[in-house]
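Peer 1: Residue numbers (the numbering used here), protein chains in the order written: chain A, 1 to 425; chain B, 1 to 259; chain C, 1 to 281; chain D, 1 to 345.
Keep in mind the hints are simulated off the structure, nothing from the lab. Worth double-checking, as some hints may not be accurate.
Claimed, not checked - Computed list of lysine-lysine pairs in DSS-like fashion (alpha-carbon distance at most 25 Å, straight line): (1) 168(A) with 224(D); (2) 59(D) with 10(D); (3) 127(B) with 336(A); (4) 168(A) with 122(D); (5) 224(D) with 224(B); (6) 224(D) with 328(A); (7) 45(D) with 158(B); (8) 230(B) with 8(A); (9) 224(B) with 33(D); (10) 224(B) with 337(A); (11) 253(B) with 290(D); (12) 178(B) with 168(A); (13) 44(B) with 128(A); (14) 263(D) with 2(B); (15) 158(B) with 33(D); (16) 224(B) with 336(A); (17) 169(B) with 8(A); (18) 169(B) with 29(D); (19) 127(B) with 76(C); (20) 33(D) with 169(B); (21) 253(B) with 59(D); (22) 38(D) with 253(B); (23) 65(D) with 158(B); (24) 168(A) with 230(B); (25) 44(D) with 328(A); (26) 127(B) with 333(A); (27) 169(B) with 263(D); (28) 224(D) with 169(B); (29) 2(B) with 333(A); (30) 224(B) with 47(A); (31) 178(B) with 258(A); (32) 169(B) with 10(D); (33) 290(D) with 158(B).
Said to hold, decoys possible - Label-pair ranges, simulated between beta-carbon atoms: (34) 341(D) with 228(B): 26 to 32 Å; (35) 74(B) with 282(D): 25 to 31 Å; (36) 125(A) with 180(C): 54 to 60 Å; (37) 158(C) with 125(A): 53 to 59 Å; (38) 158(C) with 62(B): 33 to 39 Å; (39) 179(B) with 365(A): 28 to 34 Å; (40) 212(D) with 253(B): 57 to 63 Å.
In this text, all values refer to a predicted model and were calculated from it rather than measured experimentally. In this text, a Cβ means the ideal position worked out from N, Cα and C, and glycines have one as well.
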Amino acid sequence: MKIEREIKNDHLARIEGKAGVVVEIGDEIRARINVTEGPRFFEILTKEKNYEEAAAICPRICSFCSIPHKLTPLEAIENALDVEVTEQTKLLRQMLYFGNMVESHALHLYLFAIPDYLGYHDALSMAKEYPDLMKNGMDLKNFGAMVQNIIGSREIHPENAVVGGFGKLPEQHEIEKIKKMAYNVIDAAVATVEFFLDYEYPSYVNLERNHLAIKPHNGYGVYGDEIVASDGFYFSVDKYKEYIEEDIAPYSFAKRGKYKGEPFMVGALSRIVNNHNLLEGKAKELLNSHSEFVKAENSFSNNFCQALEIVYFIEKIAEMAENIKIRKEERVKPDKKDGKGYAVTEAPRGLLIYEVEIENDIIKYMNVITPTAMFLPMMEIDARNMAEGMWKNGYKDIDLIGKKVEMVIRAYDPCISCSVHVIRL
Amino acid sequence: MKLRIGIHGLTSCYGCQLRMASVRELLEVAENFEIAYWYMVSSKGEISHVDIAFVEGSVSTAKDEEELKKIRENADVLVAVGSCAIYGGVQGMLFGKEYEEIFKEVYGDNKIEFEGRIGEPLKKYVKVDYNLPGCPPEEEEIIYYLATFAIGSYPEEKDYPVCTECRRKGYPCVLIEKNEPCLGPLTVAGCDARCPGYNVACIGCRGPLPHGIAWFDSLAKTFKEKGMSKEYIKARMEIFGKQYEKMDEMIEKVFEDED
Amino acid sequence: MHNVYALYKCRVLRIYDLTDDVKLFLFRFENPSIAESWTFVPGQFVQLSIPGVGEVPISICSSPMKRGFFELCIKKAGRVTSKIFDLKPGDSVGVRGPYGNGFPVKDFEENDLLLIAAGIGMAPLRSVFMYALDNRWKFGNITVINSARYGKRLLFQKELEAMRDVAEAENIRIIQTVTRDPDWPGRIGRAQEHIKYANTRPDKSYVCVCGPPQIYNDVFNKLIEHGYDPKKIYVTLERRMKCGVGKCGHCIAGSSTFLKYICIDGPVFGYYDIISTPGLI
Amino acid sequence: MRYVKIKDEKVYEFLEGLKNYGKLYAPVKISDKFYDRKEIDDVKKIAFDYIRTIMPAKKFFIPPKEEMFEIDIENGEYKEKLEEVEPFVLFGMHPCEIVALRILDGIYMDEYADIYYTRRRKAGIIIGLSCLPDEYCFCNLRRTDFVDIGFDLFFHELPDGYLIRVGSPNGHKIIDENLDLFAEVNQQDIDAFREFEEKRQRMFRCYGSFDNIRYLLELTMQDKLWDEESEKCFGCGNCTNTCPTCRCYDVQDIPNIDGKTGKRIRFWDSCQFRSHGLVAGGHNFRPTKKDRFLNRYICKNSYFYPLGTSYCVGCGNCTYFCPANIDFLGNLLKVRSTAEEVKNA
């Protein structure tokens, strides 16, 4: 193919991790996402380690989702060793997870995505002209960080969550603090949703697709055992290899997921598409009054859904903080030393699956399948469609097309550090 | 006078940059600093001459090396940020193994056009002026480093262990009390012993002490006396210490008599 | 209650380059009454602070007879001293002190005086020398042996050289020697090798020695060989004191029967202190 | 000396009343094995049978980290930072700790008195409490097992309460203001007190004189023992941090990010750290781990002449809190002083 024009960005800005994008415009239009982030082989790093150490290594996969990369392997390990954690542990872990959702979404929206919407290079310059908007973002981010600091010991690479429970339980007064703060930031969360109401989604990326999400244990949660698809099919996590397959592209250290042989999507939009009836409170009200902003066929909708989720998770954290009375309890120690376990949760960017095999307390096999790896092919298709749509509609400004393509990519909130860890062959 | 700074990530979890992006003062009191490039946060700017470059991550691809060298050429001062940059990070654990074998185990017979390698610290490739340790670094230390540069000086790096901060905080010692494999005695301080404060044994995420004073041998001996196996001790110590010079040797020495 | 760590503001009046990494700074206390009343004994040190960077102990190298100002000779060696090197006339620093026991200059009177310096060691000895010059009639013969590796590293080389001929007439001998500099036109060899050229009478002399720790034993041996009285040999030592007043513990040295604080028991010590206190040098 | 007695049933009332004299701090259990002094809300939580706290009482007078000055970098000024010191009461101080505080007084309140220390010292009321030794204690060898001065009140355990020695005008004041809580000391109490002291003396691990240890230590500094023992050491500084008389500190200027202001802080340092013996230009007076290891033995066994006692008060903290299980007293005994270990103790 003769390439007429090329859009090439070796190092995409405002995403987590290192990736580039190339769009070639010729007789046809091609796009590819080069994942240049070096491979880190976590599946091998955790092998031959005691499960406690392995669980401490996993969060280092990614800082933005270090909580999911801690709590999901913990659950897989506990499943393998038949550890049944207490209700209190489950609650606190959920709160911790929700805190991460709020922080991650806030960071992504305010630091990475919203500058695109307002035409800035970065949040720093945007903050000068939109200080209130930026303050909302920082408040939300700080709230999420606070929840993680209190329950998880810190917001990046939490060490307090351990197999069987927690190293140290939060104090009741700290829970009170979370509750108080939650009520303080809820308006900022609603304002975030409202921000997106001023924007229309570019129609070039409209495309029917499958959305995969968890079937939550309770409410619009992040824990579950089953995965549902928007085509109506569902399967349990231990069957993940039967339905989610991967291939490798020579231009990417990330593997690339397919569901039933087709690219698919995971993330906030996929969760709303599949589980919207589980939303409650303000988030539900906002969804009902602005349901036209949830478009299953348009990935830009993901940002709106993230904003909606921030509202939901903050309200949920407040509700949980209201009800929980911390009582002293010890970590549950496993009786077993061997086993095989699976876990699936909803990380901010979508489904996260862990599979472990343990022999005599030692990890013999670990597999991690991350959301970014799952949606990478779909993201590539959307990026291509964006370029094609613009080009065919007469836009010849390559820079502008490039910017819009980047916007498509950012809408997904890809986590490149995560993406280079996927199903092993 | 504004200091021109650049912030860059090689292969890593991006946590150090995220931590830096969470430093309110860095974003708000920006008048001291001009950020020349920071891909994670801004689509403006590219690697160019700066007074100080902060680099997180390990060198894990040919592209990483190329970028790092370019950063070094353009920076008066280069700061290695975080465990990956200083010691290779958790991925540095594979040090000593064959890249091709590891690659094959994960990617099979597929070929990828970028050249990957086992993660290594920055100092293997370029001169590093200062280390800002942590996984990720603490906000207080990030501010301290920036502030000392801002007044035309430079930071004093800590050379004492987490243990000390644990005692200063008055936390119970998990190593003495619970016989847990705490790496606090050989891990560089700065976190105020966060994990022991949560009853969790230190895993050494800030990396071993500099200047050859991380006594893996003495600690391994104590662990051994507590009944831990050589394999276990090694596996735990290497998570953040694999590329510390002589770590393996020091542990081997303790078990020499038995082998 | 007075805060012993409180600092007095001093202005830099002048700066002279002595060598490529040593500068001489002339200071004056900003408060006129302190400037006039402040005094010290040669061999004492001050704690000098650069705001925001830190504090270092520096021995005074001027004569206490010159009221109103004092001089510090500073080698660029660490964080604080690097920053001191950026100072310009008019800049201010924080100073407290003087601290420590200086040389027993009153005891020196009516005796000959032999000063042996290596490298930066000339700084505190210059204070003794200047004091002796200011009180010339009180002392007998005086010899200064100033040594360094290279000619360009000799502290106060020009100052000493300039007074050499006049000094000789006053029974003051200046010996400047280098150890590793083939281009140096003057004397070659280590300081102790030049003790024999001193004009001081071993039985009537006090000796002050200052230099890096490794030189002391050789210098002592040579002095004793030439008949100098060990009781009359003094040295001044260096540590990184954080307080200067016996609190911080950084300058503690010695063994369990002779524990010394360099800051309050020293920095000037006698020969017998040195040999009975392991770890002092 | 004035003596009074308090009966068990009045003790909590007395302790509660102590809060009128300042914030009350006393030992409480903080984990399975460890105790520390904490601010007391509920006096019933006070641990009377504790032996040692993980943080020595020095923390109340020289905090692990404190701000000394605020710095105005632009104008080159240091402004003294003196926080309000409120009165406080330390209940449950053992004799070794009281001697340790007196040693610190000698260092911090000499002719160059440290204002930060002095102000706190003056605000603190010290109430002693008798104790029984465990295998780590050797205050008897250091002759710090009994104190005559350095406390306001001293509580000696009796079967039905405490015999109290009054050691200062403040002590008298507290007794006088709560007179109805106390009783006269009777013959039975005196017998019980004597019995307790006898029992206590029988429980020590070692007997004899330790006064010559400092000479013997000096003479055996070349022994292989010190190579072997220092090899075990982590260099972590736990021994010095938990030592009630170790008081080395480091000072650092911390600028703020604006580059215009900052603070000068000081914090606990340790001779076990590499940088402790470092001087400008890179020379280190204690370059090896062994040098640093021995330094502590030397320093602790040297004498603090104003009190005529060694810097080591025999509390056993450095051994108890050593993660490498290095036995300080055991090593001194290997030097073979005239002190003897009771094997079956």
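Peer 1: Would you mind marking each hint as holding or not holding in the structure?
Peer 2: Now for the hints, and whether the structure bears them out:
For the suggested pair residue 168(A) and residue 224(D), the alpha carbons sit about 44 Å apart, so the restraint of at most 25 Å is broken. For a cut-off of 25 Å, the pair hint linking residue 59(D) to residue 10(D) is broken: about 30 Å separates their Cα positions. Straight-line distance between C-alpha atoms of residue 127(B) and residue 336(A) comes to about 49 Å, which puts the hinted pair past the 25 Å bound. Restraint check for residue 168(A) and residue 122(D): not satisfied, since their Cα atoms lie roughly 37 Å apart, outside the 25 Å limit.
Proposed proximity of residue 224(D) and residue 224(B) is supported: the alpha carbons are some 23 Å apart, at most 25 Å. Of the pairs offered as hints, the one joining residue 224(D) and residue 328(A) is violated, with about 50 Å between alpha carbons and a cut-off of 25 Å exceeded. Straight-line distance between C-alpha atoms of residue 45(D) and residue 158(B) comes to about 38 Å, which puts the hinted pair past the 25 Å bound. For the hint linking residue 230(B) to residue 8(A), the alpha-carbon distance of about 50 Å lies beyond 25 Å, and the restraint is violated.
Straight-line distance between C-alpha atoms of residue 224(B) and residue 33(D) comes to about 22 Å, which keeps the hinted pair within the 25 Å bound. The suggested pairing of residue 224(B) with residue 337(A) holds, with an alpha-carbon distance near 21 Å, which does not exceed 25 Å. For the proposed pair residue 253(B) and residue 290(D), the alpha carbon gap of about 19 Å is at most 25 Å, so the pair holds. A threshold of 25 Å between alpha carbons decides the hint, and for residue 178(B) with residue 168(A) the separation of about 14 Å falls inside it, so the pair holds.
Simply put, residue 44(B) and residue 128(A) have alpha-carbon atoms about 16 Å apart, close enough for the 25 Å limit, and the pair holds. Between the alpha carbons of residue 263(D) and residue 2(B) the distance comes to roughly 22 Å, so the proposed pair stays at or under 25 Å and holds. With a CA separation close to 30 Å, the supplied pair residue 158(B) and residue 33(D) exceeds the 25 Å bound. A threshold of 25 Å between alpha carbons decides the hint, and for residue 224(B) with residue 336(A) the separation of about 24 Å falls inside it, so the pair holds.
Of the supplied pair hints, the one linking residue 169(B) and residue 8(A) is violated, its CA atoms being roughly 52 Å apart against a limit of 25 Å. Only pairs whose Cα atoms come within 25 Å are accepted, and residue 169(B) paired with residue 29(D) is accepted, the gap being roughly 16 Å. Proximity of residue 127(B) to residue 76(C) is assessed by CA-CA distance (about 22 Å); at most 25 Å being required, the pair is judged to hold. Simply put, residue 33(D) and residue 169(B) have alpha-carbon atoms about 17 Å apart, close enough for the 25 Å limit, and the pair holds.
Between residue 253(B) and residue 59(D), the direct Cα distance comes to roughly 39 Å. Violation of the 25 Å bound is thereby established for this hinted pair. The suggested pairing of residue 38(D) with residue 253(B) is violated, with an alpha-carbon distance near 43 Å, which exceeds 25 Å. With a CA separation close to 15 Å, the supplied pair residue 65(D) and residue 158(B) stays within the 25 Å bound. Among the hinted pairs, residue 168(A) with residue 230(B) is inconsistent with the structure: their alpha-carbon atoms are about 29 Å apart, more than 25 Å.
The suggested pairing of residue 44(D) with residue 328(A) holds, with an alpha-carbon distance near 20 Å, which does not exceed 25 Å. Only pairs whose Cα atoms come within 25 Å are accepted, and residue 127(B) paired with residue 333(A) is rejected, the gap being roughly 47 Å. Restraint check: the Cα-Cα separation between residue 169(B) and residue 263(D) comes to about 21 Å, which is no more than 25 Å; the hinted pair holds. A distance of roughly 35 Å separates the Cα atoms of residue 224(D) and residue 169(B); the hinted pair therefore is violated under the 25 Å criterion.
Among the hinted pairs, residue 2(B) with residue 333(A) is inconsistent with the structure: their alpha-carbon atoms are about 55 Å apart, more than 25 Å. For the hint linking residue 224(B) to residue 47(A), the alpha-carbon distance of about 22 Å falls within 25 Å, and the restraint holds. For the proposed pair residue 178(B) and residue 258(A), the alpha carbon gap of about 47 Å is over 25 Å, so the pair is violated. Among the hinted pairs, residue 169(B) with residue 10(D) is inconsistent with the structure: their alpha-carbon atoms are about 34 Å apart, more than 25 Å.
The hinted pair formed by residue 290(D) and residue 158(B) meets the criterion: a straight-line CA distance of about 21 Å does not exceed 25 Å. About 31 Å separates the C-beta atoms of residue 341(D) and residue 228(B), a value consistent with the hinted range of 26 to 32 Å. Taken as a hint, the range 25 to 31 Å holds for the pair residue 74(B) and residue 282(D), whose Cβ atoms sit roughly 30 Å apart. A C-beta distance of roughly 57 Å is found between residue 125(A) and residue 180(C), which places it inside the suggested range of 54 to 60 Å.
Between residue 158(C) and residue 125(A) the C-beta distance comes to about 56 Å, which sits within the given range of 53 to 59 Å. Distance hint check for residue 158(C) and residue 62(B): the Cβ-Cβ separation is about 56 Å, which falls outside the suggested range of 33 to 39 Å. Distance hint check for residue 179(B) and residue 365(A): the Cβ-Cβ separation is about 29 Å, which falls inside the suggested range of 28 to 34 Å. One distance hint, 57 to 63 Å for the beta-carbon pair residue 212(D) and residue 253(B), is violated here, with the actual separation near 37 Å.
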